[in-house]
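S.K.: Listed below are the residues making up each chain.
Protein chains: 2
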Amino acid sequence: MSGSINIGLLGLGTVGSGVVRILEQNGTAIAQKLGQPLRIKRILVRDLKRHRQVAVDPSLLTADPEAILDDPEIPIVVEVMGGTGAAREYILQAFSRGKNVVTANKDLLALYGKELFDAAAVHGVDLLFEASVGGGIPIIHPLKECLAGNRIRQVMGIVNGTTNYILTKMSREKRDFANVLHEAITLGYAEADPAADIEGDDAARKMAILASIAFSTRITYPDVYREGISRITVDDINYAADLGYAIKLLGLAREDSEGIEVRVHPALVPLNHPLAAVSDVFNAIFVEGDAVGETMFYGRGAGSLPTASAVVGDIMEAARNIAHRTSGRIACTCFYDKPIKPMGATITRYYLRLIVVDRPGVLASIAGVFGDREVGLASVIQERMLGELAELVLITHRVREQNLQDALQMLADLPVVKEIACILRVEGGETR
Amino acid sequence: MSGSINIGLLGLGTVGSGVVRILEQNGTAIAQKLGQPLRIKRILVRDLKRHRQVAVDPSLLTADPEAILDDPEIPIVVEVMGGTGAAREYILQAFSRGKNVVTANKDLLALYGKELFDAAAVHGVDLLFEASVGGGIPIIHPLKECLAGNRIRQVMGIVNGTTNYILTKMSREKRDFANVLHEAITLGYAEADPAADIEGDDAARKMAILASIAFSTRITYPDVYREGISRITVDDINYAADLGYAIKLLGLAREDSEGIEVRVHPALVPLNHPLAAVSDVFNAIFVEGDAVGETMFYGRGAGSLPTASAVVGDIMEAARNIAHRTSGRIACTCFYDKPIKPMGATITRYYLRLIVVDRPGVLASIAGVFGDREVGLASVIQERMLGELAELVLITHRVREQNLQDALQMLADLPVVKEIACILRVEGGETR
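Chains as they are written, first to last, in our numbering: chain U, 1 to 432; chain Z, 1 to 432.
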């Protein structure tokens, strides 16, 4: 067995601690698989004195990035510090010094992916990022390599564990959003500032990364349409269940002749769709290709050891490439420049909940508005009476988003329509 | 873009036709991804005149294997002819002439894996086999690379589409095994000779391959214990459903301090387990690792284009390795030699259905036998009367298989026990 391969770790938080733990626990088998052991040579931390989640030799810790970036004996830098400031700088510096980089940083990739991949290519080094989407779930490599013979039709993902946990709890325990969110924060399942999760920003970053690979064109975070889950009510979850659907925060990426659409929003998913059964903090990415048909990748989308599992897989890949002198072997595959479809041009079905005056002829005038805008109604259910008002739940046929928005605008102007209480897309059925 | 990479196809049946189709449909994008196009140079067929599932230039067809094996311009041989005779010879010859091989041949790998991988290593070439398990589902690469940092605890798979289709139909339509099998053969979902599927042989071959990778030790087909599904009745499916379980043909591979167990048999799986929802011809492989936790890979486990999707992914991998001069990059990882656990030493829960004489004291004597052999009973349900007889459904606690078998032997000798009508394992719960 030849000498060890040195790793410099940037960050020793949740994911970094997991990497240290895996290399300790499974280091022997990993060395057997690689033909040489992996060794963490230095770890960049902000505070040398802080208590750590994992026991490490204090002499490994450094507060000076140059101790890693300037060490010619470290060919692999693992960036698990997060953020888009220093992390970006350090990665670019690592590249310029011929080092390979493994990162879990979705924020960075979803914004600066092109810059980073271009820099890696210039220096002929690896930029590996399996951990950036779906935590420990293998999805980047399968999509980029195993499924590379396919034209990908769509990627649908439950890629945020916090929101999936909240929606699962709301659905099982019939508790409202604010109540479950509060509990999730208390239990540590949601951040104290939960906006990035519940507004869909985190999921949007992951979808930008997945869509870029799936369609071989650069999609960045601002390209992704997003809506969060804060307006979902238990009533909507119940009505959806009655109609045979679960409500999930879905990431969607599709391609058709008009371009690429990438969006994150809550959606009704048929209960018989594999994504509907993905509960609690679990993530799953459903990929449809022209050859492979429907596939799904399921597992824990976050957490110290699951995310570190993906990081270690990538470190091993980088180590193999170093041993075979093929660093930079699979570079960026965004060789197309495809247009992004405006949201108004997307086509899907909608679930609508309206509060209307309960009076003869009301349904006819509502149906008339939809008809005017060519919005077909698949089902209309009067759910319950609210004094003089009635609650209507409608599911549309497939319709262009712009037509639906126009119809809703006209509905809002009808005196008999008191409130458009909920608008949700229905996904996971036929797409053509 | 540099010159094309030539491929020799051994076989033009279901999978071979799929490979031709994918390279036709998606050849341009594939060439972009690789930096050079793939080109099928020759195709070995038995009968040059036979009608083909796909249109190919007749000049590509040959009945002479040497036209491929002896062509120095063909660096990648794709073996999709099946069988363990000529296929094995051709692959060994291809290796000896420095060619890389992509195969979908599970029968061959599950029997002659060691010989083939050793030969590939000697000649420094690739032997890639993503298509051998789970059709188009990426599972070999994820297990071998993305999850390589994990100690794998267990692999549980629904890896045979025919039996999953039959069990799904029996469960949904309450039709008996023979009836559904007959229909499946008529519709082409099952082979005219369905033994390899319904007796679990096909699943056992796939589990031998998965277990070898998961535990880094060579498991061959004869090492795998197997039971088929032909004795499953609709009654058992109904009782299982009442108790909260689905019946699936499961492949299981586990490691503990006593060694490796690999087995294929029908089993009760809790309805809230991700595998329980895998229906029809779909396959799924559930992998549990010490770092990643629970993951699952889902998709079509057979069929022309799905299987060809995996083959084309492997061809692209072989082509990249040729371009980078790193063929043989990831060799066999069976570097341990772990013992196979005898079935008697395996531990699980059991579902039992007994036909007994309906008389006071009968239950006590049955319970006594189980108690003698230290078989704990989790639940005992008297399901229905059959004249003077009663049907008992029991679920045991976790018990060593040998103890259960001993108890069943003693039960069979009790005059009040008329029949041990069904014995099924219960899996997918706690394993420790």
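It should be emphasised that the hints constitute simulated quantities derived from the structure, not laboratory data.
For clarity, every value in this text was computed on a predicted model and none was experimentally measured.
Honestly, I wouldn't trust all of these hints.
The list treats identical chains as interchangeable, and a pair is accepted whether it falls inside one copy or across any two copies.
[As the list claims (entries may be wrong)] With a straight-line Cα cutoff of 25 Å, these simulated BS3-like cross-link-like pairs (lysine-lysine) come out:
{"hint": "1", "residue 1": "K338", "residue 2": "K114"}
{"hint": "2", "residue 1": "K144", "residue 2": "K114"}
{"hint": "3", "residue 1": "K144", "residue 2": "K33"}
{"hint": "4", "residue 1": "K114", "residue 2": "K33"}
S.K.: Which numbered hints does this structure break?
M.R.: Violated hints: none at all, because every hint is consistent with the structure.
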